[in-house]
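Undergrad: Single-letter residue listing:
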Amino acid sequence: MSNVQKRQETAPAPADAYQAEPERWLSPRALIYAKTDEVVLELEMPGVQRDKIEVTVERDELTVTGWRQVEDYENYQVLHQERAPFHYKRAFVLSENVRADRISASYDNGVLRLTIPRAEDSKPRRIEIQ
Amino acid sequence: MTASRSLTRRWDPWSDFWSLQEEVNRLFESFPTRGIRQGLLGTSYLPPVDVLKDKDAITVKVDLPGMKKEDLEITVLNENLCVRGTKKLDAEVDERNIHTRERFFGSFERVIGLPDPVDPERITARFVDGVLTVVCPLRESAKPRQIAVDVK
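Sequences listed follow chains A and B, in order.
Residue numbers for the first sequence follow our numbering, so the first one is 1 and each next one is one higher.
Residue numbers for the second sequence follow our numbering, so the first one is 1001 and each next one is one higher.
No wet-lab data here; the hints were simulated from the structure.
Every residue, glycine too, gets a C-beta built ideally from N, C-alpha and C.
There's no promise every hint is true.
[Claimed, not checked] In silico lysine-lysine, DSS-like type, Cα no more than 25 Å apart, as pairs: (1) K1055/B to K1152/B; (2) K1069/B to K1088/B; (3) K1088/B to K1068/B; (4) K1143/B to K1053/B; (5) K1068/B to K35/A; (6) K1087/B to K1068/B; (7) K35/A to K123/A; (8) K35/A to K1088/B; (9) K1087/B to K89/A; (10) K1055/B to K1069/B; (11) K35/A to K1087/B.
[Stated by the list, open to error] Cβ-Cβ distance ranges computed for the label pairs, FRET-style: (12) A84/A to H1099/B: 24 to 34 Å; (13) D101/A to E1102/B: 24 to 34 Å; (14) A1142/B to F86/A: 32 to 42 Å; (15) R99/A to T1075/B: 14 to 24 Å; (16) R126/A to L1077/B: 47 to 57 Å.
For reference, chain A alone in the conformation it holds in the complex:
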């Protein structure tokens, strides 16, 4: 079983406080860049706790879901609100130039960072000049 599949099966189910299927998702802002050996994908999901993130890969589609910490504003008078109180979800289609089965993920300060190794033959190679 690949690491990604294992991760799928042990991913925690969202707590009961969250709706099963929200009527609206927020698409997290992304930064995608390439390094020599890998492609890095960073997604901004402020307000999401580490254990409320799901990363799944099915064939060539990568889906990230982040369940935002539900803030109860009932006991407050809301003077101003700009932060959208929605959960995050976004899907990407991965090219065959990356090894989707070897994704690694880390999360810090509201940013999910996914690192996907590039397939051997897609890495840039230096050509020596004779």
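Please build the complex by placing chain B on the supplied structure of chain A, with the hints as guidance.
TA: Frame of chain A; chain B shown alone:
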């Protein structure tokens, strides 16, 4: 005494315009937080802010994913809370190899007018999962006090 005003008035096309202007002015003056202004840096990055109030404090929440605590500066002066900082792009990123760039980077400043006087000594700030929460306790004199009614 007779009414000095005639029953008909000549229609002044500008009167509607000016009364609309007055209404807009009134709207801005009555805005409870006295407005949230973008700082003098004039950049386009505006992290979203929520301002909440309960009987003890004004709470300000700002979404700042990927900020480092040391690059963040929170100051309070004369009933204005100022949150400013710089979000830096990782040094390892080669800008020529960026495929998608939606995340904001750079300097920002947001100045939040606090509607009630707060006690600066007791302000606390926490930064968890990319959300900055600043709790500004109200100055004792600004809290509502119950007045006992003497019935004689």
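Undergrad: Does each hint hold? Answer for all of them.
TA: To see whether the hints hold, each was checked on the structure:
no.	hint	result
1	K1055/B to K1152/B	violated, 31 Å
2	K1069/B to K1088/B	holds, 12 Å
3	K1088/B to K1068/B	holds, 9 Å
4	K1143/B to K1053/B	holds, 12 Å
5	K1068/B to K35/A	holds, 23 Å
6	K1087/B to K1068/B	holds, 7 Å
7	K35/A to K123/A	holds, 9 Å
8	K35/A to K1088/B	holds, 18 Å
9	K1087/B to K89/A	holds, 23 Å
10	K1055/B to K1069/B	violated, 29 Å
11	K35/A to K1087/B	holds, 21 Å
12	A84/A to H1099/B: 24 to 34 Å	holds, 25 Å
13	D101/A to E1102/B: 24 to 34 Å	holds, 26 Å
14	A1142/B to F86/A: 32 to 42 Å	holds, 34 Å
15	R99/A to T1075/B: 14 to 24 Å	violated, 47 Å
16	R126/A to L1077/B: 47 to 57 Å	holds, 56 Å
Hints 1, 10 and 15, counting from the list given before, are not met by this structure.
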